Amino acid sequence: MEKVLMKGNEALAEAAIRAGCKCFFGYPITPQTELSEYLSKQMPKRGGVFLQAESEVAAINMVLGAAATGTRVMTSSSSPGVSLKSEGISYIAGSDVPAVIINVQRGGPGLGGIQPSQADYWQATKGLGHGDFHLIVLAPSSVQEVVDLVSRAFDLGDQYRVPVMLLSDGLLGQMMEPVSFPEITAKEVDKSDWAANGTKMARKHHIVNSLYIEANDLEDIVKERYARYAVIEAEESDAEAYQTEDADIVVVAYGATSRVVKSAVNKARAEGIKVGMLRPITLWPFPKKQLCAACENAKAVLTVEMSMGQMVDDVKLALECKKPVSFFGRTGGVIPTPAEVYAEIVKLNGGAK
Amino acid sequence: MTYEILLAGFGGQGVLFAGKLLAYCALFEGKEISWLPSYGPEMRGGKCNCSVCISDEPIGSPKVLEPDLLIALNGPSFEAFVPTVKAGGKVFADSSLIDAACDRTDIDCYMVPATQIADDNNLAKGSNIVLLGKLLAETGLFSTDTVRKALEKNTPASRAHTIDNNMKAIALGMEYQG
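From first to last, the protein sequence lines are chains Z and A.
Counting in my numbering, the first sequence runs from 60 upward without gaps.
Counting in my numbering, the second sequence runs from 1441 upward without gaps.
To be clear, the hints were calculated from the coordinates, so they are not data collected in a lab.
Only a predicted model underlies this, so the values are computations on that prediction, with no experimental measurement involved.
Hints may be right or wrong, so weigh each one.
[Stated by the list, open to error] Distance condition first, Cα-Cα at most 20 Å in a straight line; then the derived EDC-like pairs of lysine to aspartate or glutamate:
#	chain 1	residue 1	chain 2	residue 2
1	A	Lys1608	A	Asp1559
2	A	Lys1471	Z	Glu304
3	Z	Lys62	A	Glu1469
4	Z	Lys326	A	Asp1508
5	Z	Lys282	Z	Glu294
6	Z	Lys358	Z	Glu304
7	Z	Lys382	Z	Glu403
8	Z	Lys326	A	Asp1496
9	A	Lys1471	A	Asp1508
10	A	Lys1593	Z	Glu73
11	Z	Lys62	A	Asp1508
12	Z	Lys62	A	Glu1472
13	A	Lys1526	Z	Glu399
14	Z	Lys406	Z	Glu294
15	Z	Lys333	Z	Glu299
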């Protein structure tokens, strides 16, 4: 398969078209803009709709509308823009329609900065809008994985009728790597029992809605949704284990940070330190089983993030506080260096071998 | 073998483009590659640099902190990044724009009057490619055929005439003996 060099943002856009995305509604923001730019050129040529809305709030509500028809739809933004979209994302979850939402994270809070960050972990996995709901959250760590996870995001959304977030960051979005686009076949999902795509006067109309005035009705609806979440948690969690079999120390990192960690792990391994890495690919559902298996023989666990420490809570919960978990991170757009992570590994090891 | 390469200068000097050419050359030779830009919100004139990693192994951190090879297109980047070059590394710097001299003895520093060479040959703004030529001559990283292929891949049809100019800039850089 021919490999091309592409920025993460552009590759993501191309992969979305290939995955059957027919509608994109967005509003520009650094460092995600190449994604919208690519789609603005390509979508009209390839049978899709690209629309730059007047605001993020408008864009996410257009996504809700398109999703209600069963059309594959996507929006993308970066941290401050995703906050604006949170109301609409809650409505999408409450309406049980699939949609793909991209966050190319930058430093925060507020306007923050334009450099890479992972400070939206809590937002993505715990609180992207009001109400009892989850999004599936996927976290790629290379441009190739960005491509592979985009089509999975659309498939998962359709299969479970939930919004899916692909959590990227400014580093993955801006970097170029060789990438190939495998032939993909979108999972065929029958949407005929809910999609509001025209009755042709041949059936009862479908209603896509998130309003339930009767408390008992709303509770039933939420519980049905949580039954689906339970299936997702059982079936869909995913992680990469790297050199964890004999590891005394397991470093947990996702996304761009996991690449820095891999460099540090390789250096520490070369010095004889038994260290490995567990890289969550799904952040929700969090890969608890995989993490526990990787840490079975570990004496210490280290979480590394481009934030002040957000995933570290999930790591501790998954391990039920049976292992000591420490944290190292840089934030505000600063990327941790392999040397810094290596120093943390050496510290946990009680000095160099 | 892994090469960590840093290219640095002002926005508008072709830092990212020169890095892209190296990345494409490596792509044609089936290497693992990462190309990572770093720049501020300015379109031109701001600090700009570009990390390129070329390896036979998958690449971990794409940010180059201790380059094997440095291309410095202006004074501030020369001063900022020469101290970070790995011992045994090589620096290619535009002496038309940089007054400072390299004070390290554990690296090879090639001072090339790249802007002057480009201007003398009607290749304005070609200093990035002249230095790239010198880098190729001193490292033997890629053949000129591969470079031409990379240029063809990265030049839109409307600018096809620049390919020969850029190949000339590569040749001038390769020939320069300072």
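Checking one constraint from the list: CA of lysine 326 of chain Z to CA of aspartate 1508 of chain A, max 20 Å. Satisfied? Satisfied, since the Cα-Cα distance of roughly 18 Å is no more than 20 Å.
Compare the distance between the alpha carbons of lysine 62 of chain Z and aspartate 1508 of chain A with 20 Å, and conclude whether the hinted pair is satisfied. violated (26 Å)
Are the Cα atoms of lysine 62 of chain Z and glutamate 1469 of chain A separated by 20 Å or less? Holds, at about 11 Å.
With a cut-off of 20 Å on the C-alpha distance, tell me whether lysine 1608 of chain A and aspartate 1559 of chain A pass. Given pair lysine 1608 of chain A, aspartate 1559 of chain A holds - Cα atoms ~12 Å apart, limit 20 Å.
Distance restraint between lysine 406 of chain Z and glutamate 294 of chain Z, which requires alpha-carbon spacing of 20 Å or less: Since the Cα atoms of lysine 406 of chain Z and glutamate 294 of chain Z sit roughly 37 Å apart, the hinted pair is violated (cutoff 20 Å).
For lysine 282 of chain Z and glutamate 294 of chain Z, compute the direct alpha-carbon distance and say whether it is at most 20 Å. holds (18 Å)
Just to be careful, I want the Cα atoms of lysine 1471 of chain A and glutamate 304 of chain Z compared with a cutoff of 20 Å; is the pair within it? violated (29 Å)
Checking one constraint from the list: CA of lysine 326 of chain Z to CA of aspartate 1496 of chain A, max 20 Å. Satisfied? With Cα atoms ~17 Å apart, lysine 326 of chain Z and aspartate 1496 of chain A stay inside 20 Å; holds.
Does lysine 62 of chain Z pair with glutamate 1472 of chain A here, judged by a C-alpha cut-off of 20 Å? The hint holds at about 11 Å.
Please work out if lysine 358 of chain Z and glutamate 304 of chain Z have their alpha carbons no farther apart than 20 Å. Between lysine 358 of chain Z and glutamate 304 of chain Z the Cα gap is close to 13 Å, so the pair holds against 20 Å.
Hinted pair, alpha-carbon criterion (20 Å max): lysine 333 of chain Z, glutamate 299 of chain Z. Please report holds or violated. holds (17 Å)
Given the hinted pair lysine 382 of chain Z and glutamate 403 of chain Z, is their Cα-Cα distance within 20 Å? Distance ~17 Å between lysine 382 of chain Z and glutamate 403 of chain Z Cα, so the pair holds.
Going through the hint list in order, the structure does not satisfy hints 2, 11 and 14.
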